[in-house]
Amino acid sequence: MGFALEAAVHARRFDVALSMDDGETLAVLGANGAGKSTLLALAAGLLRADSGSAELDGRNLFGPRSFLPPHRRGVCLLPQEPLLFPHLSVLDNVAFAPRSAGESRAASRASALQWLAEVEASELADKRPGQLSGGQAHRVAVARALAARPSLLLLDEPLAAIDAAAAPGLRRMLRRVLAGRSAVIVTHDLLDALILADTVMVLQEGRVAEAGSTQSVLERPRSSFAAGLAGLNFVPGTSVPLGLVDAAGRRLEAVSETPLPAGVPAAAVFSPRAVSVFPAAPAGSPRNVLRVAVTDLEPHGEFVTVRAGHLSAEISTSAAAELDLVPGSEVWFTVKATAVTLFPL
Amino acid sequence: MTGTAPLAAPDRVRGPRAGFSGLPLWLFVVAALGALFILLPLAAIVVRVDWTRFPELVTSESSIAALKLSLTTSAAATTLCILAGTPMALVLARSAFPGQQVLRALVLLPLVLPPVVGGIALLYTFGRQGLLGGTLSTLGVDIAFSTTAVVLAQTFVALPFLVLSLEGALRSAGGRYEAVAATLGASPTTVLRRVTIPLVLPGLLSGAVLSFARALGEFGATLTFAGSLQGVTRTLPLEIYLQRETDPDAAVALSLVLVAVAVLVVALAHRSSGSAVR
Numbered sequence: 018m019g020f021a022l023e024a025a026v027h028a029r030r031f032d033v034a035l036s037m038d039d040g041e042t043l044a045v046l047g048a049n050g051a052g053k054s055t056l057l058a059l060a061a062g063l064l065r066a067d068s069g070s071a072e073l074d075g076r077n078l079f080g081p082r083s084f085l086p087p088h089r090r091g092v093c094l095l096p097q098e099p100l101l102f103p104h105l106s107v108l109d110n111v112a113f114a115p116r117s118a119g120e121s122r123a124a125s126r127a128s129a130l131q132w133l134a135e136v137e138a139s140e141l142a143d144k145r146p147g148q149l150s151g152g153q154a155h156r157v158a159v160a161r162a163l164a165a166r167p168s169l170l171l172l173d174e175p176l177a178a179i180d181a182a183a184a185p186g187l188r189r190m191l192r193r194v195l196a197g198r199s200a201v202i203v204t205h206d207l208l209d210a211l212i213l214a215d216t217v218m219v220l221q222e223g224r225v226a227e228a229g230s231t232q233s234v235l236e237r238p239r240s241s242f243a244a245g246l247a248g249l250n251f252v253p254g255t256s257v258p259l260g261l262v263d264a265a266g267r268r269l270e271a272v273s274e275t276p277l278p279a280g281v282p283a284a285a286v287f288s289p290r291a292v293s294v295f296p297a298a299p300a301g302s303p304r305n306v307l308r309v310a311v312t313d314l315e316p317h318g319e320f321v322t323v324r325a326g327h328l329s330a331e332i333s334t335s336a337a338a339e340l341d342l343v344p345g346s347e348v349w350f351t352v353k354a355t356a357v358t359l360f361p362l
Numbered sequence: 157m158t159g160t161a162p163l164a165a166p167d168r169v170r171g172p173r174a175g176f177s178g179l180p181l182w183l184f185v186v187a188a189l190g191a192l193f194i195l196l197p198l199a200a201i202v203v204r205v206d207w208t209r210f211p212e213l214v215t216s217e218s219s220i221a222a223l224k225l226s227l228t229t230s231a232a233a234t235t236l237c238i239l240a241g242t243p244m245a246l247v248l249a250r251s252a253f254p255g256q257q258v259l260r261a262l263v264l265l266p267l268v269l270p271p272v273v274g275g276i277a278l279l280y281t282f283g284r285q286g287l288l289g290g291t292l293s294t295l296g297v298d299i300a301f302s303t304t305a306v307v308l309a310q311t312f313v314a315l316p317f318l319v320l321s322l323e324g325a326l327r328s329a330g331g332r333y334e335a336v337a338a339t340l341g342a343s344p345t346t347v348l349r350r351v352t353i354p355l356v357l358p359g360l361l362s363g364a365v366l367s368f369a370r371a372l373g374e375f376g377a378t379l380t381f382a383g384s385l386q387g388v389t390r391t392l393p394l395e396i397y398l399q400r401e402t403d404p405d406a407a408v409a410l411s412l413v414l415v416a417v418a419v420l421v422v423a424l425a426h427r428s429s430g431s432a433v434r
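Chains as they are written, first to last, in this note's numbering: chain A, 18 to 362; chain B, 157 to 434.
Misleading hints may appear alongside valid ones.
Claimed, not checked - Derived CB-CB ranges, DEER-like:
#	chain 1	residue 1	chain 2	residue 2	range
1	A	Ala183	B	Val247	37 to 43 Å
2	B	Thr228	A	Gly151	49 to 55 Å
3	B	Arg327	A	Leu130	34 to 40 Å
4	A	Met18	B	Arg327	37 to 43 Å
5	B	Ile276	A	Phe84	44 to 50 Å
6	B	Phe253	A	Ile212	41 to 47 Å
Derived from the structure by calculation, the hints contain no laboratory data.
Glycine included, every Cβ here is placed at the ideal spot set by N, Cα and C.
Using the sequences and the accompanying hints, generate a full structural model.
Structure below.
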């Protein structure tokens, strides 16, 4: 039981395999163009794979010589925009799936009312989609999808188009309705993955960069995308005793949970908060010292994130002012060896 | 699912924009001349109408017969256009197959073909000596020079208008609602009936209105394929052409009737295409 898919789409350089247990919620993370939408389209039957197969609860969705059309899959897609049918009332939108499954008008409307209550949107039943706010339309879209009683629910960036004020309420609602439900959530947002998902998969250029339980991926990110999501610095390289050497030949001292043999691929991960910024090379420092050029400054509150390529440091606004930082400034990032964690790749 | 075209061009909803237009002044003069070129001949008809005889002229037996025939055949042709054109527009807009571009060009051919040529083509298809004429004849069906021929001629020239405007509406609507409907468990037929057609209904209506207008004005193909028999194949444009020889006043009066119908049709089409975008 559960959902398993392995498929390749050559034109999109997509080649991914995944499997989920029944009732599990998987968050798919990745940059734009990493293949997240392709994955959803393959599962929903809106795109044909060049090769591969998929199974849902023991039923074959597609294979080398078979293809189940979208309406027979029991896989429901919840797109980023709610896409409520504009010519139907909210109630009839939610009743669409039961009605399509052959239920009577009265029965489908009765179950639509139940699902509207489930997403706390009962009072919207008689409205037109055009009269709803973004958050309300999204709730209705969730109700419409749940009313189809899908075996697998696909959510494409469920909260990306929602304004910040409405997002927490919607996230709570999603968490409640997704509990115990098989679902795949495509997201950019770390918070969505943490709150909504049991497991995480990171896609990079059409391949699975890493997968595992949400906590393990976020605590020990292996891909630069996951590290960037967690706001951590991620430096890939080759292990040496007590640290690693990156592609540019810079040596970073680090601690690792398990001793690493020298000469294997490894990554050093450290928090931007552990980084200090100096205008000149600090003399006789026991720390890791990296000479970098500032590319960007992002103030937020009392802190400033100083970005230098893939690396970032978080320092106080007053310290940044004292350093007189501008994009292009040459500075030295320093970080204690004990603040850097080394992972095998 | 991201990055698809918006449901409709927002410019059309808001209408003319106020403020800076960026157009040179002389352009307005040329545009006004162009508009005049269309409006002046219409005004000429109104001026030329003999208003004292107008009611009598447009209610003569032959006029009424022609107007009735025109309206019924145009309505029938519009129905045929909807029945044949909707599937064609759907196939052209939503599917992809080799030769699709060529097929689209061929379907739109009647738009640019001289109607007389269309009439001759129909004659050599359905006429007694035509491609299908022999077969139809043995079945006891004789199409040429009948009211059916009028409807066929009108359908032939009006079909591209429906296909073109419906295909445009389908393309700007995109297929995203249909994709969602399918994953909600709706079969392709259900999706067509409950999602696609309702979504493009305004486009379908404006296409139908345009087809009706084109059918109403059809002359060349009708005359060639159906002839000019009062009450059977002599539609209003044919009646006007005939009257012009004997009673120019009657021709002008009937022309005004057609102008009025055309204005009504254009207004209807404009309204329904305006509400197509919300």
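Here is what the structure says about each hint:
Under the hint 37 to 43 Å, the C-beta atoms of Ala183 of chain A and Val247 of chain B, about 41 Å apart, fit the expected range. At about 50 Å, the beta-carbon gap between Thr228 of chain B and Gly151 of chain A stays in the expected band of 49 to 55 Å. A beta carbon spacing of about 36 Å between Arg327 of chain B and Leu130 of chain A agrees with the range 34 to 40 Å that was offered as a hint. Restraint check, Met18 of chain A to Arg327 of chain B: a C-beta distance of roughly 42 Å satisfies the suggested window 37 to 43 Å.
Checked against the hint of 44 to 50 Å, the pair Ile276 of chain B and Phe84 of chain A passes, with Cβ atoms roughly 47 Å apart. One distance hint, 41 to 47 Å for the beta-carbon pair Phe253 of chain B and Ile212 of chain A, holds here, with the actual separation near 46 Å.
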